[in-house]
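Chemist: Sequence:
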Amino acid sequence: MKLTEKDILVDGINISYIEEGEAEDAVIIFIHGFPFNKWTWENQIGVLKERYRVIAYDVRGHGESIATTAQMNLNQLTDDLFSFMDAIAVESAIICGLSMGGYIALSAVISQPARIEALILCDTQCGADSHQAKQKRMDVIDSVQKNGLTQYAHDSVQKLFCEASLTEKSSEVSSIEQTILHTSVETIVNTLKALAARKETCSSLHQINIPVMIIVGESDQITPPEVSQKMQDLITGSSLQVVENAGHLSNLENPASFNGHLQDFLTSIQQISTRL
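Going letter by letter, the sequence shown gives residues 177 to 452 in our numbering.
Hints are not guaranteed to be accurate.
Restraint ranges, calculated between C-beta atoms of paired labels, are given here [claimed, not checked]:
{"#": "1", "residue 1": "Ala-340", "residue 2": "Leu-179", "range": "25 to 31 Å"}
{"#": "2", "residue 1": "Gln-405", "residue 2": "Asn-385", "range": "18 to 24 Å"}
{"#": "3", "residue 1": "Gln-446", "residue 2": "Ala-290", "range": "16 to 22 Å"}
These are calculated hints, taken from the structure and not from any lab test.
Values in this document were obtained by computation on a predicted structure and should not be read as measured data.
Note that CB positions come from ideal geometry on N, CA and C, so glycine has one too.
The task is simple: from the sequences and hints, build the whole structure.
Modeler: Structure, rendered in structure tokens:
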């Protein structure tokens, strides 16, 4: 599948992105997890591009988007999203974010709700890091600064994928491991610090009044289904879909099931819009 890759200068940062579909179609923006890139959404773009304007971009420092500052925080990553939308002339969009992408999506809908038409939260959470989680991130920072990324990349894929995927999805596992290895240590360190410092959004979820779907892999070790259930309980009218045979990267591990839920949700949004 050949997808269209583009670049645009946004606030001094070169943002790399994939864009497919027609300008007049409803816009869906995909935000990848940490420390991945836009290509993790390739399966989703392929099935949606005939009906939607589909966009997936590299978060600053990841993929081909070059970071120009040493420091990074979630507010900055959220501002990047809106600046990117401005640059490509998108006033509002459906936002789909996985893990870190979900943190950005939640921050975005809380800060500028009028620009978010619907929300798809994948393998993510609304809580801030616990003290233990922050310490784990600091330990990773110390390790990669001293020893590089090889061990970190190997350990990461063991947690990101469910047990079955580790043996049956060797291509996807290898691709993610290589993606981590090709991310700079500086980006790993700065993003880990940003994620550790992020604020909780759980207390603001009751304000969300747009269509929301939450998706989680049934064997997600990092943000397990009970975490997604907590978010659904806090977002009025939201739905929760559990993807079988998947861990933290549900869109990669079981794309058929993930895409089915995604298409059903998008169809339901269109039906609501048509009735209005």
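Chemist: Does each hint fit the structure? Answer for all of them.
Modeler: We went through each hint and held it up to the structure:
| no. | hint | verdict |
| --- | --- | --- |
| 1 | Ala-340 with Leu-179: 25 to 31 Å | 28 Å, holds |
| 2 | Gln-405 with Asn-385: 18 to 24 Å | 20 Å, holds |
| 3 | Gln-446 with Ala-290: 16 to 22 Å | 20 Å, holds |
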